[in-house]
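Colleague: Here's the letter readout for the chains.
Protein chains: 2
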Amino acid sequence: MDDLELGLPVTVPSTALFTDQYELTMLQAALHAGTAHRRTVFEVFTRRLPAGRRYGVVAGTGRLLDAVENFRFDPPLLDYLREARVVDEPTLRWLADYRFTGTVRGYPEGEVYFPGSPILQVSGTFAECVLLETVILSILNHDSAIAAAASRMAVAANGRPLIEMGARRTHELAAVAASRAAYVGGFSSTSDLAAGFRYGIPTVGTSAHAFTLLHDSERDAFTAQVGSLGTGTTLLVDTYDVTEAVRTAVEVAGPKLGAVRIDSGDLLLVAHRVRRQLDELGAHDTRITVTSDLDEYAIASLATAPVDAYGVGTRLVTGSGHPTCSMVYKMVARASGDGPDAPLEPVAKKSSGGKLSVGGVKWAARRPDADGVAEAEVIGTGEVPGELAGHLLGVELMRDGRAVARERLDAARDRHRAARDLLPLSATQLSQGEPVLRTEYI
Amino acid sequence: MDDLELGLPVTVPSTALFTDQYELTMLQAALHAGTAHRRTVFEVFTRRLPAGRRYGVVAGTGRLLDAVENFRFDPPLLDYLREARVVDEPTLRWLADYRFTGTVRGYPEGEVYFPGSPILQVSGTFAECVLLETVILSILNHDSAIAAAASRMAVAANGRPLIEMGARRTHELAAVAASRAAYVGGFSSTSDLAAGFRYGIPTVGTSAHAFTLLHDSERDAFTAQVGSLGTGTTLLVDTYDVTEAVRTAVEVAGPKLGAVRIDSGDLLLVAHRVRRQLDELGAHDTRITVTSDLDEYAIASLATAPVDAYGVGTRLVTGSGHPTCSMVYKMVARASGDGPDAPLEPVAKKSSGGKLSVGGVKWAARRPDADGVAEAEVIGTGEVPGELAGHLLGVELMRDGRAVARERLDAARDRHRAARDLLPLSATQLSQGEPVLRTEYI
Numbered sequence: 038m039d040d041l042e043l044g045l046p047v048t049v050p051s052t053a054l055f056t057d058q059y060e061l062t063m064l065q066a067a068l069h070a071g072t073a074h075r076r077t078v079f080e081v082f083t084r085r086l087p088a089g090r091r092y093g094v095v096a097g098t099g100r101l102l103d104a105v106e107n108f109r110f111d112p113p114l115l116d117y118l119r120e121a122r123v124v125d126e127p128t129l130r131w132l133a134d135y136r137f138t139g140t141v142r143g144y145p146e147g148e149v150y151f152p153g154s155p156i157l158q159v160s161g162t163f164a165e166c167v168l169l170e171t172v173i174l175s176i177l178n179h180d181s182a183i184a185a186a187a188s189r190m191a192v193a194a195n196g197r198p199l200i201e202m203g204a205r206r207t208h209e210l211a212a213v214a215a216s217r218a219a220y221v222g223g224f225s226s227t228s229d230l231a232a233g234f235r236y237g238i239p240t241v242g243t244s245a246h247a248f249t250l251l252h253d254s255e256r257d258a259f260t261a262q263v264g265s266l267g268t269g270t271t272l273l274v275d276t277y278d279v280t281e282a283v284r285t286a287v288e289v290a291g292p293k294l295g296a297v298r299i300d301s302g303d304l305l306l307v308a309h310r311v312r313r314q315l316d317e318l319g320a321h322d323t324r325i326t327v328t329s330d331l332d333e334y335a336i337a338s339l340a341t342a343p344v345d346a347y348g349v350g351t352r353l354v355t356g357s358g359h360p361t362c363s364m365v366y367k368m369v370a371r372a373s374g375d376g377p378d379a380p381l382e383p384v385a386k387k388s389s390g391g392k393l394s395v396g397g398v399k400w401a402a403r404r405p406d407a408d409g410v411a412e413a414e415v416i417g418t419g420e421v422p423g424e425l426a427g428h429l430l431g432v433e434l435m436r437d438g439r440a441v442a443r444e445r446l447d448a449a450r451d452r453h454r455a456a457r458d459l460l461p462l463s464a465t466q467l468s469q470g471e472p473v474l475r476t477e478y479i
Numbered sequence: 038m039d040d041l042e043l044g045l046p047v048t049v050p051s052t053a054l055f056t057d058q059y060e061l062t063m064l065q066a067a068l069h070a071g072t073a074h075r076r077t078v079f080e081v082f083t084r085r086l087p088a089g090r091r092y093g094v095v096a097g098t099g100r101l102l103d104a105v106e107n108f109r110f111d112p113p114l115l116d117y118l119r120e121a122r123v124v125d126e127p128t129l130r131w132l133a134d135y136r137f138t139g140t141v142r143g144y145p146e147g148e149v150y151f152p153g154s155p156i157l158q159v160s161g162t163f164a165e166c167v168l169l170e171t172v173i174l175s176i177l178n179h180d181s182a183i184a185a186a187a188s189r190m191a192v193a194a195n196g197r198p199l200i201e202m203g204a205r206r207t208h209e210l211a212a213v214a215a216s217r218a219a220y221v222g223g224f225s226s227t228s229d230l231a232a233g234f235r236y237g238i239p240t241v242g243t244s245a246h247a248f249t250l251l252h253d254s255e256r257d258a259f260t261a262q263v264g265s266l267g268t269g270t271t272l273l274v275d276t277y278d279v280t281e282a283v284r285t286a287v288e289v290a291g292p293k294l295g296a297v298r299i300d301s302g303d304l305l306l307v308a309h310r311v312r313r314q315l316d317e318l319g320a321h322d323t324r325i326t327v328t329s330d331l332d333e334y335a336i337a338s339l340a341t342a343p344v345d346a347y348g349v350g351t352r353l354v355t356g357s358g359h360p361t362c363s364m365v366y367k368m369v370a371r372a373s374g375d376g377p378d379a380p381l382e383p384v385a386k387k388s389s390g391g392k393l394s395v396g397g398v399k400w401a402a403r404r405p406d407a408d409g410v411a412e413a414e415v416i417g418t419g420e421v422p423g424e425l426a427g428h429l430l431g432v433e434l435m436r437d438g439r440a441v442a443r444e445r446l447d448a449a450r451d452r453h454r455a456a457r458d459l460l461p462l463s464a465t466q467l468s469q470g471e472p473v474l475r476t477e478y479i
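Protein chains in written order, with this note's numbering: chain A, 38 to 479; chain B, 38 to 479.
Among the hints, a few may not be true.
To be verified - In silico negatives: residues of chain B with every beta carbon more than 10 Å from chain A:
| no. | residue |
| --- | --- |
| 1 | L129 |
| 2 | V192 |
| 3 | A346 |
| 4 | D378 |
| 5 | P380 |
| 6 | E412 |
| 7 | E424 |
| 8 | V432 |
| 9 | R445 |
What the hints assert, rightly or not - Below, a list of computed lysine to aspartate or glutamate pairs in the EDC-like style, where the Cα atoms sit at most 20 Å apart:
| no. | chain 1 | residue 1 | chain 2 | residue 2 |
| --- | --- | --- | --- | --- |
| 10 | B | K293 | B | E281 |
| 11 | B | K387 | A | D253 |
| 12 | B | K387 | A | D303 |
| 13 | B | K293 | B | D345 |
| 14 | A | K387 | B | D330 |
| 15 | A | K293 | A | D322 |
| 16 | B | K387 | A | D257 |
| 17 | A | K293 | A | E281 |
| 18 | A | K293 | A | E317 |
| 19 | A | K293 | A | D316 |
| 20 | A | K387 | B | D257 |
| 21 | A | K293 | A | D345 |
| 22 | A | K387 | B | E281 |
| 23 | B | K387 | A | D330 |
| 24 | A | K387 | B | D303 |
| 25 | B | K387 | A | E281 |
| 26 | B | K387 | A | D278 |
| 27 | A | K387 | B | D278 |
| 28 | A | K387 | B | D253 |
Hints in this document: simulated from the structure, not taken from any laboratory. No residue lacks a Cβ here, since even glycine has one placed at the ideal position from N, Cα and C.
Please construct the entire structure, taking both the sequences and the accompanying hints into account.
Modeller: Here it is as structure tokens:
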């Protein structure tokens with residue numbers, strides 16, 4: 038995939054500088070020592086879920102495939118590294134030819150995960166794998182955090198559509214990735230045009246308070262909006278007095294008015310009152326959209342309210358209290374010597390700081406109970422027991438440095454829904470709790 | 038500033054789609070109604086600081102100037118808007134020629150702010166101003182959140198250098214902006230090469246646990262690293278046993294070893310033990326860097342530890358509990374009619390939902406007490422009292438659509454330090470509290 042296909046405005050010509058300096062200095066030292074080309078396997082996993090969360094959601098995989106394919110050191114980047122004296126000339130020469138040529142396996146996008154799940158496995162020489170740590174973790178940690186929040190909100194909304202509208206609350210490009218991750222997690226649409234442009238996510242939006250304030254009266258504003266956008270539009274009814282605004286809205290647009298939006302106040306109370314008023318005015322099909330600092334709990338509290346859609350901003354794009362995951366990228370195996378046929382041996386950090394890792398290249402399977410409901414995340418490094426062979430979670434994502442698992446975003450969205458539906462019922466409780474599946478190492 | 042100057046890899050060809058759809062539909066409706074060209078003023082402000090915070094920090098201003106200058110609808114964007122039926126043909130024609138031609142004033146980057154502070158004022162026609170809402174808020178809300186966390190950490194570090202190393206915990210481009218904002222807030226350097234490339238921030242980094250695990254022994258790894266990076270390098274000493282690693286490190290590098298890094302365990306205890314061991318080994322000048330889930334509180338708790346530098350990741354790039362600000366972009370004044378000379382009149386939303394705004398174009402001044410210490414953030418819409426004329430906070434940032442206040446990042450960093458130093462002493466308490474200055478409206 039070349040740059041043009043990545044499209045404006047979220048293209049970056051190369052992802053190679055989304056890298057912590059120590060990856061390059063390690064490369065230099067390993068090249069110097071002759072150990073850079075040992076075969077290695079790195080795994081992405083997390084030691085724990087965010088406090089109280091029942092499951093995690095893998096997101097960003099599609100972006101990650103683009104990022105790895107576009108990881109190359111173009112001349113301006115090499116010039117910078119030379120001028121900043123980050124690494125020496127032999128290392129710069131090696132970087133000039135860098136392309137990842139290894140293998141990536143992992144949980145497919147949308148899949149759920151638990152503590153210890155081998156979410157991603159990157160195999161290749163130390164030199165080619167070590168460089169990818171930061172960009173891989175940036176993408177997975179950010180996107181998975183948003184998708185997990187989105188999934189909880191989708192559960193709370195119970196089928197009512199969710200609109201992502203948090204662009205203004207996060208970095209402008211993080212926002213585009215957040216829209217994408219929210220869609221994977223179950224959102225229906227976004228206000229962010231860049232997300233529509235880049236990922237084809239349906240976009241929505243009609244007007245803000247500024248539009249009402251621009252005009253000499255609320256009636257003028259509604260008339261202008263309906264005149265241009267049609268009666269199917271959504272009128273914002275809380276700039277001045279909601280009751281008066283709803284009356285004016287139906288007078289201006291007629292009973293076929295598409296929707297009204299409420300952005301402040303006690304949404305439960307106001308939604309009931311507005312529904313009653315709309316029905317009295319004959320606007321039975323006019324929908325009610327609510328937006329105002331919603332999160333999964335506020336959405337759940339509106340389950341009985343006559344609300345037709347939720348717009349969610351801040352709490353979605355900040356992961357509803359958990360804006361990042363704690364995924365790490367750790368070497369779990371390396372060749373026992375320098376030859377191309379030296380066998381892989383497990384490795385792991387062993388200090389006493391509580392950051393223990395499990396060495397070895399892992400497989401993972403989700404074991405179902407007799408009813409087909411998942412009951413454990415089983416992780417091993419040896420042979421896969423026969424009864425788990427049909428339940429393995431990892432798939433091949435890149436082979437010889439090329440993505441082999443690109444898919445439509447809807448496929449990841451559908452996969453997430455299906456994976457969540459196979460978890461025990463307590464997975465979708467919003468209250469704080471333990472991971473809904475235990476992790477078993479065998 | 039053209040694209041090339043913006044540089045790789047964080048260039049975006051245009052910022053015009055970092056926009057919520059409703060901005061374009063409002064534009065369409067206003068063009069249709071003939072109200073699009075009324076003169077308006079929009080202000081960015083926040084109704085409150087994050088709970089417990091004593092002051093806010095303006096950051097992202099420099100990025101914002103680039104974003105507004107690069108806000109234009111190139112043909113591929115217009116094609117997308119047409120195909121997705123976001124707006125009609127007359128609106129597309131208007132967008133094709135769009136350039137912001139108005140004025141931007143605001144608090145300069147690095148300045149502190151309080152609830153109600155008019156952080157930014159955008160003046161122009163409704164059409165040209167309304168489109169900028171999302172991109173302006175994205176940048177200010179993200180960058181200011183990071184800078185505020187960085188500032189608290191800098192206070193806690195009390196002069197010891199702080200290294201930004203959170204790239205892996207946030208979106209890959211948010212990370213670059215986070216490095217920049219952290220530098221404004223008082224950090225010294227970053228691990229993120231893209232931030233070094235794009236903004237000239239000093240970069241640092243040497244090695245991770247993977248480097249030790251790659252080698253057949255810790256001694257081999259240290260020998261390889263010192264052989265390539267020199268004795269001034271930083272050796273990571275907590276892969277296996279810290280005491281043994283420190284002994285090996287000094288044996289390999291000699292007493293001129295640059296530094297050791299500790300990334301796990303009870304940092305207070307371990308730092309003391311390592312310092313003692315280094316001194317016993319004659320490595321009196323070898324520094325100690327600590328990194329491991331640090332935040333401002335952990336940093337403060339290490340004030341008496343023999344630590345020479347702090348590396349901070351997750352908690353910095355997630356705003357230490359507050360990953361976004363709650364800045365909003367509200368129309369505060371508009372022309373009372375359609376003519377070019379119609380006077381501006383204040384406007385504000387008036388519904389009862391608690392989201393009150395104060396209408397009118399504001400000035401702000403920070404009033405000092407007799408000792409020169411700030412005692413109030415004074416905000417008004419009328420004439421500036423003579424005694425406050427020398428203490429106004431707003432400056433001109435763009436004139437006729439062109440940036441007039443570009444500056445080196447160090448200028449914003451120095452300004453922040455100076456502004457913080459003029460606040461009452463309680464500003465730098467880490468404990469939860471009220472904003473350290475009250476906001477007075479006159």
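Colleague: Does each hint fit the structure? Answer for all of them.
Modeller: Evaluated hints:
{"no.": "1", "hint": "L129", "verdict": "13 Å, holds"}
{"no.": "2", "hint": "V192", "verdict": "23 Å, holds"}
{"no.": "3", "hint": "A346", "verdict": "14 Å, holds"}
{"no.": "4", "hint": "D378", "verdict": "17 Å, holds"}
{"no.": "5", "hint": "P380", "verdict": "14 Å, holds"}
{"no.": "6", "hint": "E412", "verdict": "32 Å, holds"}
{"no.": "7", "hint": "E424", "verdict": "33 Å, holds"}
{"no.": "8", "hint": "V432", "verdict": "24 Å, holds"}
{"no.": "9", "hint": "R445", "verdict": "17 Å, holds"}
{"no.": "10", "hint": "K293/B with E281/B", "verdict": "18 Å, holds"}
{"no.": "11", "hint": "K387/B with D253/A", "verdict": "15 Å, holds"}
{"no.": "12", "hint": "K387/B with D303/A", "verdict": "16 Å, holds"}
{"no.": "13", "hint": "K293/B with D345/B", "verdict": "16 Å, holds"}
{"no.": "14", "hint": "K387/A with D330/B", "verdict": "18 Å, holds"}
{"no.": "15", "hint": "K293/A with D322/A", "verdict": "7 Å, holds"}
{"no.": "16", "hint": "K387/B with D257/A", "verdict": "17 Å, holds"}
{"no.": "17", "hint": "K293/A with E281/A", "verdict": "18 Å, holds"}
{"no.": "18", "hint": "K293/A with E317/A", "verdict": "13 Å, holds"}
{"no.": "19", "hint": "K293/A with D316/A", "verdict": "12 Å, holds"}
{"no.": "20", "hint": "K387/A with D257/B", "verdict": "17 Å, holds"}
{"no.": "21", "hint": "K293/A with D345/A", "verdict": "16 Å, holds"}
{"no.": "22", "hint": "K387/A with E281/B", "verdict": "13 Å, holds"}
{"no.": "23", "hint": "K387/B with D330/A", "verdict": "18 Å, holds"}
{"no.": "24", "hint": "K387/A with D303/B", "verdict": "16 Å, holds"}
{"no.": "25", "hint": "K387/B with E281/A", "verdict": "13 Å, holds"}
{"no.": "26", "hint": "K387/B with D278/A", "verdict": "8 Å, holds"}
{"no.": "27", "hint": "K387/A with D278/B", "verdict": "8 Å, holds"}
{"no.": "28", "hint": "K387/A with D253/B", "verdict": "14 Å, holds"}
Violation of the numbered hints given earlier is absent; every hint is satisfied by the structure.
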